[in-house]
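There are 2 protein chains.
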Amino acid sequence: MQNILSGLRVIEGSAFVAAPSGGMTLAQLGADVIRFDPIGGGMDYRRWPVTNSNESLYWHSLNKGKRSIAVDIRRPEGQEILSRLITLPGDDCGMFLTNFPAKGWLSYERLKELRKDLIYMNLIGDRHGRSALDYTVNCKVGFPSITGVGRADEIPPLNNPMPAWDVITGQQIALGLLAAERHRSRTRQGQLVKIALADVALSTLGNLGYIAEAMINETEREAIGNNIFGTFGQAFECNDGERVMVVGVSPNQWKAIVSVSDTENQLQELQERMGLDFRKEGDRYHGRDEITAILKPWFKRRPFSQVSAELDNAGACWGKYQTIHETVNSDIDCSTDNPMFQMVDQPGIGAYLMPDHPLQFTGVNRDPVRRAPKLGEHTEEILAETLGLTGSEISKLFDGKVVASCG
Amino acid sequence: MQNILSGLRVIEGSAFVAAPSGGMTLAQLGADVIRFDPIGGGMDYRRWPVTNSNESLYWHSLNKGKRSIAVDIRRPEGQEILSRLITLPGDDCGMFLTNFPAKGWLSYERLKELRKDLIYMNLIGDRHGRSALDYTVNCKVGFPSITGVGRADEIPPLNNPMPAWDVITGQQIALGLLAAERHRSRTRQGQLVKIALADVALSTLGNLGYIAEAMINETEREAIGNNIFGTFGQAFECNDGERVMVVGVSPNQWKAIVSVSDTENQLQELQERMGLDFRKEGDRYHGRDEITAILKPWFKRRPFSQVSAELDNAGACWGKYQTIHETVNSDIDCSTDNPMFQMVDQPGIGAYLMPDHPLQFTGVNRDPVRRAPKLGEHTEEILAETLGLTGSEISKLFDGKVVASCG
Numbered sequence: 019m020q021n022i023l024s025g026l027r028v029i030e031g032s033a034f035v036a037a038p039s040g041g042m043t044l045a046q047l048g049a050d051v052i053r054f055d056p057i058g059g060g061m062d063y064r065r066w067p068v069t070n071s072n073e074s075l076y077w078h079s080l081n082k083g084k085r086s087i088a089v090d091i092r093r094p095e096g097q098e099i100l101s102r103l104i105t106l107p108g109d110d111c112g113m114f115l116t117n118f119p120a121k122g123w124l125s126y127e128r129l130k131e132l133r134k135d136l137i138y139m140n141l142i143g144d145r146h147g148r149s150a151l152d153y154t155v156n157c158k159v160g161f162p163s164i165t166g167v168g169r170a171d172e173i174p175p176l177n178n179p180m181p182a183w184d185v186i187t188g189q190q191i192a193l194g195l196l197a198a199e200r201h202r203s204r205t206r207q208g209q210l211v212k213i214a215l216a217d218v219a220l221s222t223l224g225n226l227g228y229i230a231e232a233m234i235n236e237t238e239r240e241a242i243g244n245n246i247f248g249t250f251g252q253a254f255e256c257n258d259g260e261r262v263m264v265v266g267v268s269p270n271q272w273k274a275i276v277s278v279s280d281t282e283n284q285l286q287e288l289q290e291r292m293g294l295d296f297r298k299e300g301d302r303y304h305g306r307d308e309i310t311a312i313l314k315p316w317f318k319r320r321p322f323s324q325v326s327a328e329l330d331n332a333g334a335c336w337g338k339y340q341t342i343h344e345t346v347n348s349d350i351d352c353s354t355d356n357p358m359f360q361m362v363d364q365p366g367i368g369a370y371l372m373p374d375h376p377l378q379f380t381g382v383n384r385d386p387v388r389r390a391p392k393l394g395e396h397t398e399e400i401l402a403e404t405l406g407l408t409g410s411e412i413s414k415l416f417d418g419k420v421v422a423s424c425g
Numbered sequence: 019m020q021n022i023l024s025g026l027r028v029i030e031g032s033a034f035v036a037a038p039s040g041g042m043t044l045a046q047l048g049a050d051v052i053r054f055d056p057i058g059g060g061m062d063y064r065r066w067p068v069t070n071s072n073e074s075l076y077w078h079s080l081n082k083g084k085r086s087i088a089v090d091i092r093r094p095e096g097q098e099i100l101s102r103l104i105t106l107p108g109d110d111c112g113m114f115l116t117n118f119p120a121k122g123w124l125s126y127e128r129l130k131e132l133r134k135d136l137i138y139m140n141l142i143g144d145r146h147g148r149s150a151l152d153y154t155v156n157c158k159v160g161f162p163s164i165t166g167v168g169r170a171d172e173i174p175p176l177n178n179p180m181p182a183w184d185v186i187t188g189q190q191i192a193l194g195l196l197a198a199e200r201h202r203s204r205t206r207q208g209q210l211v212k213i214a215l216a217d218v219a220l221s222t223l224g225n226l227g228y229i230a231e232a233m234i235n236e237t238e239r240e241a242i243g244n245n246i247f248g249t250f251g252q253a254f255e256c257n258d259g260e261r262v263m264v265v266g267v268s269p270n271q272w273k274a275i276v277s278v279s280d281t282e283n284q285l286q287e288l289q290e291r292m293g294l295d296f297r298k299e300g301d302r303y304h305g306r307d308e309i310t311a312i313l314k315p316w317f318k319r320r321p322f323s324q325v326s327a328e329l330d331n332a333g334a335c336w337g338k339y340q341t342i343h344e345t346v347n348s349d350i351d352c353s354t355d356n357p358m359f360q361m362v363d364q365p366g367i368g369a370y371l372m373p374d375h376p377l378q379f380t381g382v383n384r385d386p387v388r389r390a391p392k393l394g395e396h397t398e399e400i401l402a403e404t405l406g407l408t409g410s411e412i413s414k415l416f417d418g419k420v421v422a423s424c425g
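Protein chains in written order, with my numbering: chain W, 19 to 425; chain R, 19 to 425.
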């Protein structure tokens, strides 16, 4: 944890990946993020992957560093506590993040009555108000149609297993809250901020040039396997079956590949034969299959250890294909050798490697990575210290089962 | 463009996707982002996709909303201008974003001499100082090994064509600059902020639960095609060949699938036969192949138009598989019907659909989406108005070819 956002407080009511990861990000940067959940947990409290004892590694990974209050959200007394928490006074309070339906007591209009300058971040599925998940927006923007090899309109589309839109949205939610807070600190104005998961994917399609390409060039992208579009990049197999991804995008990266593989003459001959100039990225793309054929034997004749040493020596840009299990169990960057990671004990689950945020703020200390809370772990302290309720008020809430702790 | 960050100024020297998209994000939110480039353009000024006249749709899409100054960076006079620009006084200035080598005149140490509280965001490849691109970190964290169908250690790995790590990093860079600026406004302390592309991928692996799963459960994820891990989600083909992704993650989503397909009895029988309870997500995952077989005929008997109407009617969560060309040319969400998009003329290229940032700040107006600058379009105004140089000083720089405009 890095205390760069020290003092900032955000209340979160959320499910799935994007919204919880937005709150987690702010917690990793030192904010006090209070997550509320129904007593017993919400719909993703047991989401897979789970341990043998049915603890969710998904839920606990996405809620690191937050405080937890467990409340019966259906009851007016529970709603009142949360409304007060969301609209607490103070410059660093009054920020709410949710992907729950913004209706009734949880609507912006209702909460704004309690704090006029509330900042309310509302994640929705699409702009029409329909639900959407990463997988239903990913298919919509076309990337599954160019995963694999073949013509986009002929091959069966293939999903990306990593929910990229969720992860991007999570960072944008954190960004949006900071931007709105900066604005409020200057103007005293709060506001509703909305973001639709589908729009995150569609805007990225534009920012990466795909929309311009389809409209201006009127072309359709093909699925090109492990090649990189418009330049040179390809996967190669070593003689022990290990695989590496090698890229020649910048001039230096390309020179490194040519020199390490000692293929300058062959590539020179190829350029002349094809009428191409491999100093140009686009020409390297035109000649990608022929270049790959020339480079392939160099990798195929060496074990991975030698390939890796020679590529590093030449200053090439490359990566090793690993399974997730391999990465976690044998990659030194996925270990405590990397200062971003720490081994942390998660009660009920055990100790495992937890990441801090990848941003490294050299002006503040790196404090220990904070685990996820147990459900309701901070109910009492939030009621007493954050909301300022008296002991008897708190007892009444526990006795009436309006709130619960994890004990 | 939304003026939420009005007044903020960031200087950017960058290439590839992540760093430029970070600056573009801040420009979309109203910051004055000044990008410097070598005269004639940097290494990605002509990167693919390009138009028939060799204008880069990649470069122009990633640099929307910025101002451009073209400078001979190798000459001391050019370096001095940029150093002064990066370290201009004022609360809203003194922020620099780069993925260039942080050495010599461009090092944090050197620039800090000119402005003690400088905020310097430095994107690097990996923590060891090696270069890395999206594709070389993606293979490292294992997602290509679970794309497609089969055992992670047996199938050939398959790259994701969408550079997710670059896009995520871009948003994190914008987030990090805002967090550091908030910190500076409270403490008067600037700082160097570092972020490594490889760490972005590794931290995400942890945040999504994959690291915990590999360490605690000691299992390896399989490549499961278009299924969603741990719950129910699958791609189905309609009778006209169109495909849809349908998800049953939440209880309501699952109920909608069962009711619309009228398969309650068959699924009930299946549960009993397999000893599963499909109210549990994990049990839906265990029975995914059998569930898919039961649902398949419902889709296969209907054209897409009917499938889509019935799914919407039932409140199901689903998406259509489209090629990028289809999305751009026939999806109403990828058109000016969506307030996030505007048709904007990009000189030298033509008019195309450009997105604003997906965050929608309801407390500020949506101003027109700003196109990318022409290279050096703002050189003169930046020298005169931002740096305050005199007419004769500026003439001398142009005459000496230290700077250039686009004219």
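Mixed in with the good hints, there may be bad ones.
[Unchecked claim] The calculated lysine-lysine pairs, modelled on BS3-like cross-linking and capped at a C-alpha distance of 27 Å, are:
id	chain 1	residue 1	chain 2	residue 2
1	W	392	R	298
2	R	419	W	298
3	R	298	W	298
4	W	419	R	392
If you are wondering where the hints come from, they were derived from the structure by calculation, not from laboratory data.
Structure-based check of all given hints:
1. Taking the CA atoms of residue 392(W) and residue 298(R), the gap is about 22 Å. The hint holds against a cut of 27 Å.
2. With a CA separation close to 26 Å, the supplied pair residue 419(R) and residue 298(W) stays within the 27 Å bound.
3. Our distance criterion of 27 Å between C-alpha atoms is broken by residue 298(R) and residue 298(W), whose separation comes to about 54 Å.
4. Restraint check for residue 419(W) and residue 392(R): the C-alpha separation of about 63 Å exceeds 27 Å, so the hint is violated.
When each numbered hint is compared with the structure, violations occur for hints 3 and 4.
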